[in-house]
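Protein chains: 6
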Amino acid sequence: MYHHVKKLMYTVNVDTPNVRFGNMLLEQFGGANGELAAAMQYTIQGWNCVDDLAIRDLLLDIGTEELSHLEVVGALIRLHLKDLKTNREAAEADPLVTIAGGGGVNLYNSQGNAWTADYLKITGELDVDLRSNIAAEARAKIVYERLLDHTDDPGTIDTLQFLMTREITHMKAFSAALESMEKPPFSIGFLKPTPGIVDEYFNGSTGDGSDGDTDMRGPWQTSFGLHPVDSEMNGGAGLSVQDIDGTEGQEARGKQDIGQKATTSPFADALSQTAPSTNKSGASGIDTHPSAGKKAAARSKSKK
Amino acid sequence: MYHHVKKLMYTVNVDTPNVRFGNMLLEQFGGANGELAAAMQYTIQGWNCVDDLAIRDLLLDIGTEELSHLEVVGALIRLHLKDLKTNREAAEADPLVTIAGGGGVNLYNSQGNAWTADYLKITGELDVDLRSNIAAEARAKIVYERLLDHTDDPGTIDTLQFLMTREITHMKAFSAALESMEKPPFSIGFLKPTPGIVDEYFNGSTGDGSDGDTDMRGPWQTSFGLHPVDSEMNGGAGLSVQDIDGTEGQEARGKQDIGQKATTSPFADALSQTAPSTNKSGASGIDTHPSAGKKAAARSKSKK
Amino acid sequence: MYHHVKKLMYTVNVDTPNVRFGNMLLEQFGGANGELAAAMQYTIQGWNCVDDLAIRDLLLDIGTEELSHLEVVGALIRLHLKDLKTNREAAEADPLVTIAGGGGVNLYNSQGNAWTADYLKITGELDVDLRSNIAAEARAKIVYERLLDHTDDPGTIDTLQFLMTREITHMKAFSAALESMEKPPFSIGFLKPTPGIVDEYFNGSTGDGSDGDTDMRGPWQTSFGLHPVDSEMNGGAGLSVQDIDGTEGQEARGKQDIGQKATTSPFADALSQTAPSTNKSGASGIDTHPSAGKKAAARSKSKK
Amino acid sequence: MYHHVKKLMYTVNVDTPNVRFGNMLLEQFGGANGELAAAMQYTIQGWNCVDDLAIRDLLLDIGTEELSHLEVVGALIRLHLKDLKTNREAAEADPLVTIAGGGGVNLYNSQGNAWTADYLKITGELDVDLRSNIAAEARAKIVYERLLDHTDDPGTIDTLQFLMTREITHMKAFSAALESMEKPPFSIGFLKPTPGIVDEYFNGSTGDGSDGDTDMRGPWQTSFGLHPVDSEMNGGAGLSVQDIDGTEGQEARGKQDIGQKATTSPFADALSQTAPSTNKSGASGIDTHPSAGKKAAARSKSKK
Amino acid sequence: MYHHVKKLMYTVNVDTPNVRFGNMLLEQFGGANGELAAAMQYTIQGWNCVDDLAIRDLLLDIGTEELSHLEVVGALIRLHLKDLKTNREAAEADPLVTIAGGGGVNLYNSQGNAWTADYLKITGELDVDLRSNIAAEARAKIVYERLLDHTDDPGTIDTLQFLMTREITHMKAFSAALESMEKPPFSIGFLKPTPGIVDEYFNGSTGDGSDGDTDMRGPWQTSFGLHPVDSEMNGGAGLSVQDIDGTEGQEARGKQDIGQKATTSPFADALSQTAPSTNKSGASGIDTHPSAGKKAAARSKSKK
Amino acid sequence: MYHHVKKLMYTVNVDTPNVRFGNMLLEQFGGANGELAAAMQYTIQGWNCVDDLAIRDLLLDIGTEELSHLEVVGALIRLHLKDLKTNREAAEADPLVTIAGGGGVNLYNSQGNAWTADYLKITGELDVDLRSNIAAEARAKIVYERLLDHTDDPGTIDTLQFLMTREITHMKAFSAALESMEKPPFSIGFLKPTPGIVDEYFNGSTGDGSDGDTDMRGPWQTSFGLHPVDSEMNGGAGLSVQDIDGTEGQEARGKQDIGQKATTSPFADALSQTAPSTNKSGASGIDTHPSAGKKAAARSKSKK
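Residue numbers (the working numbering), protein chains in the order written: chain A, 5 to 308; chain B, 5 to 308; chain C, 5 to 308; chain D, 5 to 308; chain E, 5 to 308; chain F, 5 to 308.
Mixed in with the good hints there might be a few duds.
Since the list can't tell identical chains apart, any single copy or any two copies may satisfy a pair.
[Claimed, not checked] No farther apart than 25 Å at their CA atoms in a straight line, the calculated lysine to any residue pairs in the SDA-like style are these:
1. 86 <-> 221
2. 86 <-> 244
3. 86 <-> 96
4. 86 <-> 156
5. 11 <-> 86
6. 86 <-> 24
Since the hints were derived computationally from the structure, they do not count as laboratory data.
Construct the entire structure; sequences and hints are all you get.
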């Protein structure tokens with residue numbers, strides 16, 4: 005249940021309104037990396053997260069704060085768009101907001117595209133969702149930085165600095181939550197990747213470009229067990245793509261094993277009892293993770 | 005420049021075609037986390053990445069491989085959709101593909117929504133794009149796992165296991181590339197967050213839910229300098245939201261400083277020479293990162 | 005600023021989950037007339053409504069309640085979708101939610117279309133927005149009724165009946181607000197329609213249909229000054245469409261005249277002082293409405 | 005069946021073409037509240053309305069007129085866009101129309117968004133559709149007014165005044181049609197709202213805002229049986245949300261009862277014979293409306 | 005100006021309604037190749053075609069007929085969807101139409117996607133638009149054929165056969181119109197392609213596929229002056245892509261030269277007088293077409 | 005399988021960057037007739053084309069070349085957009101690319117609309133797809149011509165001339181492929197149109213317009229067996245729309261009969277053996293085409 009308090013989370017002042025900058029700000033109101041996208045992504049992830057009530061709380065804490073940010077951004081935009089109402093030249097800066105919206109904000113981005121839920125990344129797999137959120141906060145941070153780069157208005161800078169700061173706050177919190185799940189690196193979901201093939205870095209783009217972009221090497225070809233493999237087209241052997249014969253084993257799920265699985269896996273129910281039967285490489289794929297729950301113990305209910 | 009070789013990157017066999025499963029597979033052809041989305045996201049990021057030719061190569065290597073995966077998924081779907089052409093009941097499983105497409109694949113997801121570039125996350129800020137890619141690979145991995153959970157067909161399992169495996173390969177490579185940039189943790193872009201406010205974890209969702217979802221605590225409230233702050237609404241002091249008075253200092257950019265900036269920042273050009281002037285908290289905000297370039301040295305051109 | 009309380013506004017119970025019914029319920033979560041559409045439409049109208057702080061409050065009261073309803077509908081859907089996670093046949097009821105979403109809710113409608121802000125009707129003209137809201141509540145009511153018609157599950161019926169009821173509550177409140185503005189009937193905005201032409205009901209569809217749909221007459225051809233006019237094509241004189249020579253006079257705006265106009269009209273600023281100058285038919289177009297503000301007096305601030 | 009006459013419904017003259025104003029005018033060609041949206045909404049409602057052939061005729065009369073308006077708006081825009089073809093600076097006013105469209109009109113709005121049927125509000129419930137239409141006409145009127153506010157061109161003003169006038173005509177006609185249905189106030193569809201809960205006005209937004217937006221009271225909290233209820237969060241009792249135990253009774257449908265129902269209700273067929281059986285509060289929910297059909301008698305067939 | 009006659013262009017009978025087939029039929033109501041797409045594409049092309057009033061008439065003749073077809077398809081669908089209103093299982097065939105639309109038609113395709121103007125192909129270049137229309141009619145024909153393949157209902161077959169037949173009629177008419185323009189083959193617009201490069205068929209896909217799809221040759225590599233060129237990647241010389249140094253000469257425009265150009269070309273106005281000046285290869289690029297207008301003479305005004 | 009070579013297919017130089025022109029160029033990157041649309045349309049058609057491996061090769065040759073063009077256009081745009089990064093006024097030319105994209109390209113058109121697969125025309129019926137492709141190439145050619153008309157930059161002209169030229173190359177190749185199929189004129193698919201009705205040109209738009217647009221006649225009313233028919237509304241007899249009684253006969257499919265049909269027709273399998281049984285007008289509808297395969301013989305495998 006939601007409650008609205010008639011107070012902005014951050015005071016909004018604009019010294020010199022600028023219609024075209026107001027239009028740019030719409031990116032953070034109704035744009036792909038904007039506040040509604042953040043609010044909806046985290047909130048709905050939270051509603052879906054019935055297996056881990058602590059992280060559910062985190063998702064709803066931040067999702068709710070983003071709603072408050074949406075209100076702040078909206079207030080800031082309105083102050084910049086004021087001239088749309090009375091000035092024809094200003095109106096040309098955003099005819100859609102002027103003519104269809106009477107100068108008020110709406111869920112458009114800076115080019116008038118209506119907000120769409122296609123912007124959201126929600127999988128129902130908790131650690132995956134946290135990764136999507138970390139990336140989303142990074143994107144929102146850089147968008148606020150670019151907006152800051154395009155204004156000299158002190159009041160506007162003040163508000164944008166606040167909003168930009170909070171993206172880093174949230175990035176920290178989501179990162180801490182991901183760490184607290186204690187998943188092994190590159191372990192996503194339940195099924196294991198095929199050994200061998202998983203470590204082949206495929207060199208799909210080759211040659212010398214006119215801009216000095218030649219075939220380069222980097223740590224991404226040699227870290228985490230990776231090694232480079234050349235395309236047959238380029239004289240290499242290509243990927244070792246002989247038949248795989250079924251799925252590989254399953255990975256441990258960390259502390260998520262305690263609750264109901266957020267995946268659709270038919271193995272999920274069986275997991276706490278015995279080895280799943282449809283897995284061809286056998287139960288050895290299950291590598292129970294003795295330390296799971298360690299950090300989870302650091303979490304305690306705190307009623308108010 | 006692209007070249008197509010008339011060979012699938014992985015052999016596709018289907019023992020028992022299943023129209024409704026073919027329809028589900030469309031998620032990875034024209035869906036939000038599917039192969040075209042991956043191919044376009046990485047490839048276009050690569051084309052935009054003119055500052056770091058090594059990571060540009062990485063992005064094009066993987067972007068090109070995803071195009072080859074798109075072809076593999078398309079071939080797999082076609083084998084499953086065969087009955088659409090001759091069987092009325094089958095046709096009802098996907099009337100759009102049947103009636104409009106004659107039983108062939110097209111860029112729709114499993115519910116017939118046309119693929120849209122709104123799925124893509126491309127910011128032109130290299131480390132941010134790498135984070136988006138890591139999250140994208142995690143999502144694609146879990147989607148393949150769910151598809152594996154819904155089929156018993158050996159040939160199909162074989163192909164899906166290959167494709168799922170490669171997502172982990174790419175996740176490793178993108179992670180290695182991000183590490184190689186040696187950005188300090190939670191450092192995104194150029195402008196610093198406001199100290200103090202950045203460490204306040206705001207408790208925006210409180211109370212006792214009927215499903216046991218009470219106000220919880222976790223490491224995300226105390227890690228990385230964070231500390232919890234209660235909403236005024238809940239008897240707390242709220243965020244310390246007094247005016248901020250301009251942007252905070254700038255962060256070092258790591259080795260990206262060498263090339264042209266991928267941000268729109270007006271400070272960018274000035275950076276390699278002198279302290280930027282518009283920054284209110286002064287040049288002290290620049291914390292040159294002596295070790296930048298260390299790992300970069302590990303990269304060497306390798307012409308073929 | 006928003007606060008979330010970990011309690012649903014209405015208790016949700018489902019006796020017998022039904023995946024296909026859960027899919028239908030998505031209409032009210034991410035559909036065109038669903039709870040997010042309502043929440044966003046009223047809330048953003050409220051943020052734009054700076055001229056009438058009382059109706060702004062109304063819009064935010066109801067917009068906030070709709071957010072709470074979104075949470076209730078989401079909880080109800082989740083209970084119905086449970087089987088998606090483990091049952092292949094169930095999964096076919098909504099492959100998008102199953103495969104991409106892991107069985108969790110997302111902002112799709114019952115056919116998997118992503119929610120879009122194109123659903124919203126926000127003009128920034130207060131009485132027009134209230135009319136859009138009255139119609140929106142009527143649509144939401146009938147959608148809940150149809151959902152009720154398709155389920156026998158007592159718990160589900162219980163929740164839907166609650167949500168359906170609240171749509172009528174809101175319809176009452178918006179109607180009362182519109183009445184309190186005391187606009188003359190068919191008076192929208194500021195500029196008057198052209199006399200004569202405004203009263204011509206044009207008979208654009210004629211003849212005898214095979215289904216008994218002949219050319220009919222009704223009160224809509226003779227009420228409010230209207231009279232029927234036949235198309236020339238049909239032997240009539242057609243509309244009296246000789247040139248109009250400029251805009252007609254302006255209408256009074258009711259009590260909204262007190263505040264800043266939510267229209268883009270250049271006349272707006274001038275209105276409280278003198279007759280606008282660009283209006284060709286002169287100041288006589290202004291018909292000041294002596295009773296404006298009468299009902300407005302019935303509103304009093306009530307601080308808590 | 006449609007016929008096109010090579011004559012505009014209103015003569016279009018433009019004295020001084022203005023490309024940027026032409027671009028604004030696209031709102032009424034391919035925009036959310038434009039003429040195609042109106043034509044399609046009313047026409048398709050008419051095709052769906054097989055229960056009331058008189059109102060079906062009304063919907064088709066007006067739907068057809070809106071098609072003629074679409075043609076008028078298109079002609080007006082073309083005259084304004086003339087310079088797009090030969091003038092580079094003009095071209096920048098709308099690159100999409102210039103480059104992709106060769107300077108011709110297309111179904112875009114003023115920001116180049118393609119028209120979408122998501123703009124339409126069609127429920128198949130006659131009185132609800134009429135309410136949506138009344139609101140749609142009000143929106144279209146205010147959009148024309150704003151366009152009039154942004155041009156000084158006499159010929160353009162002349163045409164826009166005509167089009168704006170007709171929106172009021174249609175608003176009158178739809179209002180008369182709704183009145184002729186003689187539905188009790190706030191009676192939508194068939195199922196009754198829950199007494200008690202339906203009259204609780206929930207105060208979801210509270211407190212003192214910095215812009216003077218405090219917690220206000222208005223007639224919308226006390227009209228039509230409503231009374232204010234404070235949120236628990238705010239020290240109030242909240243909504244009386246105890247379980248409802250099934251749906252409430254049914255409402256009469258007015259004269260629509262005579263024909264086939266446009267709802268999906270399973271009760272529909274039973275209605276003209278006996279009390280519906282699945283309704284828990286019994287047949288007393290049916291309140292036959294003796295005067296239904298009274299105004300309907302005022303309608304007579306008029307063949308030409 | 006449009007007029008509607010209350011008579012379907014073709015009588016619609018359905019012997020055995022089939023909800024799932026009705027859902028498939030939506031492809032031709034609100035789908036990408038459906039009747040609204042056809043009506044809008046041709047009608048708007050006609051409104052834009054002010055240079056050739058005869059072909060403008062053609063476009064409006066057929067555009068208007070497609071509107072009448074839209075009405076026929078809508079009537080056919082409604083008869084098939086009847087059961088949606090009362091039958092729960094039927095409702096699952098199209099929950100969107102059932103729940104949101106009350107069983108009536110709306111501008112969706114068979115998977116519930118809202119119609120979008122993105123389906124339209126309108127360039128404002130007459131011969132190009134005619135080619136788009138010929139292809140559109142071919143697509144619509146094959147879609148009707150597939151619908152015929154999925155029904156045994158005699159009444160439905162009857163109506164679909166009529167509609168399918170008319171697509172061929174329109175294909176003939178558009179083809180005749182294109183021929184009447186007497187454009188040389190492969191002459192589009194005004195600027196000539198670069199000789200040499202225009203005749204190089206590039207072999208971008210090579211090798212032996214497992215399905216027998218090897219590198220093939222066909223007339224498309226040797227007709228119309230074409231000759232095959234191998235990719236450098238494949239040991240060939242690649243395209244002869246040395247710099248081109250400006251645009252090539254202009255082509256004659258056929259009879260369109262008489263009227264105003266539908267292109268944005270700055271050369272357009274100059275064309276009837278002298279050689280354009282910005283063209284680097286000189287006026288020799290203009291190859292006046294002596295026979296232009298020959299077939300045009302076959303057109304005569306025929307007033308009724 | 006795809007391979008990327010780090011070399012543009014055509015060298016890109018820009019003498020004087022122009023941000024607004026760069027924005028226009030986005031039409032050919034992420035626009036409706038742009039290079040991604042071409043690449044995806046032909047490539048996916050090729051993947052679906054399993055019946056004619058020669059034309060499959062053609063589709064993949066050209067589809068792959070279009071991917072290389074996408075890269076060229078992207079490089080050209082980036083050079084024009086350079087100023088977006090550092091110049092505020094430039095940024096206003098495309099706020100979406102500036103703020104959300106950091107000055108890099110993305111799959112938007114010139115008005116910021118995200119690319120959508122709704123742009124694609126893919127039916128799985130080979131000759132129909134070739135017609136769609138011919139029209140698509142014609143559209144792409146005219147769009148490049150318009151871009152050429154709006155720039156004086158020599159380097160830009162050079163690149164655009166190359167790209168424009170290749171559209172004509174592809175138009176030639178697709179036309180040759182269509183001819184090689186030796187389909188009779190106006191023969192689409194399998195089922196025949198109804199004789200008589202197929203030849204009636206319906207005069208749906210009549211009268212005298214103010215712009216001289218009267219009811220015209222042209223070859224499209226008398227070619228290919230067509231003859232004009234006046235609307236009843238206009239005093240004519242209308243279409244001869246008596247009942248048709250089932251589908252007409254089937255047409256021969258040309259050389260496609262050899263392979264598996266790309267249509268959903270249930271008759272398809274039966275075709276090579278005996279007359280289909282469900283066709284009411286009997287087997288005489290099959291008009292075997294003795295010359296089918298003649299030109300097909302001109303195709304020979306050519307392995308490299």
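(message) Check the structure against each numbered hint from earlier and tell me which ones fail, lowest number first.
(response) Per hint list: 1 and 2 violated.
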